[in-house]
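Chains as they are written, first to last, in the numbering used here: chain Z, 118 to 392; chain S, 3 to 290.
Just to be clear, a hint being listed does not mean it is correct.
[Unchecked claim] Heads up, simulated DSS-like pairs for lysine-lysine below, C-alpha to C-alpha not over 30 Å straight-line:
#, chain 1, residue 1, chain 2, residue 2
1, Z, Lys248, Z, Lys180
2, S, Lys42, Z, Lys248
3, Z, Lys334, S, Lys42
4, Z, Lys180, Z, Lys334
5, Z, Lys334, Z, Lys248
If you are wondering where the hints come from, they were derived from the structure by calculation, not from laboratory data.
Residues per chain are reported as follows:
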Amino acid sequence: MIRRKQAINAFLNAFLISFCAIMLFPVIYAILVSLHRPGYGFFSIIPDIWTLENYNRLFVYGKFPRYILNSVINAGGGALVSTMLATLAAYAFARLEFKGKKIMNAFVLGMMMLPGLVSIIPIYRIASDLKLLNTYTLMIAVFGAYGIPLAIWIMKGFFESIPRALEEAAAIDGATPVQTFWQIVLPLTTPGLIATFLINFVYSWNNFFTPLVLISKTDMKMATVGLFDFQHVLEGNQDELLAAACVVIMVPAIVLFLVTREYFMRGMVEGAVKG
Amino acid sequence: MKNKNSFYPYLLTLPAILFLMLVSLYPTLYSFYLSMTRSKQGITEFVGLRNYEVILRSSDFRQSLQLTIIFTVFYVFLTVAIAYILALMLNRGLRLTGIYMTIIFLPWVLSEITSGVVWRWMFYQDYGILQNLIGPILGGKAIITTNWGAMAIVITATTWRSISFAMLLLLAGLQTVPREIYEAASIDGSGGWSTFWRITWPLVRPTTIVTIVFITIQAINGVGMVLAITEGGPGRATEILGVHMYREAMEFFNFGYAAALSVVLLIINIILAAFYLRSMQQESALAS
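Isolated chain Z, as found in the complex (with noise of 0.2 Å):
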């Protein structure tokens, strides 16, 4: 029976290993393909001579280093208006009763299933108007909006976590609502805030829908279009320059995907199955 057991956990173990060899081939593909000499892509999937000079040409390549800087700017503009935002808002979710709870709760819920793709049309045309198009503006206020929901579930769950008898006990000596909230509540969720500004960071630094329709000019671009743009002019004949691109964009999400991996899968499951 232990044998047998044994047995079926070592099939197991060598077709996950398999599976994620799959799933984590396209990844280690482009570093690869990022670290061949200029002109030589794909003669092979090793590199004849490895070499970082690709990354040196992208460092002048085009504006690539201002697409970065529009992405840090735009993901953590909006990264940090979600957190603060959502922040205040799950705390009185978490811990208050009052009038209008239940439709509150219900109208973020909503928001949170409303997909980009169905607002982005009239938020052009709004933003055209108003003549925010190709602004810090206006990026920082969709991602701002579109993280909020989910930045409510996760710091829910945060707040939901801390003992009430903390702050029973600040209220008996005679803290404030609002001391008790920024001086007690606050600095325990101190995780939660940071989990909570990473994860929007990397899904607005990813986004790459959004700021195709709401940037058109060069000079405000995010990496994501940038590479997108790249790709109609290297592809087949730059590649390696094509693929360090993509590592740079690459590299960031996955190392904060890393650092904040619990809170990163709760969030989600917890975004896609509580509401």
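Chain S: place on chain Z using the hints.
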């Protein structure tokens, strides 16, 4: 706490709520108005329901709808089936489960455009690695340039990207099945296969339905991966609804028509969301 009548809760919630109303809700409602207008040389005129009439009569729309259905059926089936198998395997408590999950998760953490660039490479005409592997079997033509080939690539890549999400949902469902039930079944001499069909499958069915609806919602709203891999081509072979809407607005500046398409998509989404919430209630009713 005794904040029942103070303004404090509203001070905390209203900034987020108002922000969502302004940036998410208002544009969505505005699309109803926009869908009843037509813009020509900067002048916007009201045309009533004409854009919807155009949609109903448009063969492009019908084709796009068909493609969306094909895309959705295959994508949802593949994603949920593979995710189910993986979830069953990972539910056995293997030592490396954490590492497997992290790796299976990576594609979800990549941008649609980086994934798109790499998937295009793998099917690149002359030296794409998968083109060289599969191409000869299919007659040596570049797979990505054929209608069905392009659709198959888009479906495969999208599945690759979202397996993890479905797997996570299903795994959460599998973990709610108490171990004792399995033990009892194995004492009764029930083998792996019949245990699965008689115990696991029925108990996890509500979660499976939730997952199917969830992935269906993702499929209907798919756009980024397709734009990144085929841009809707060759011709219109992969122009699913999201891509159709994008092209009409950003290539042909048909904003009224595109807005009407947004409304159609919104209605589809509302129907799916209703299904979703209902299946979720059934799931939690069963769990408790």
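Index of numbered hints that the structure contradicts, given in increasing order: none
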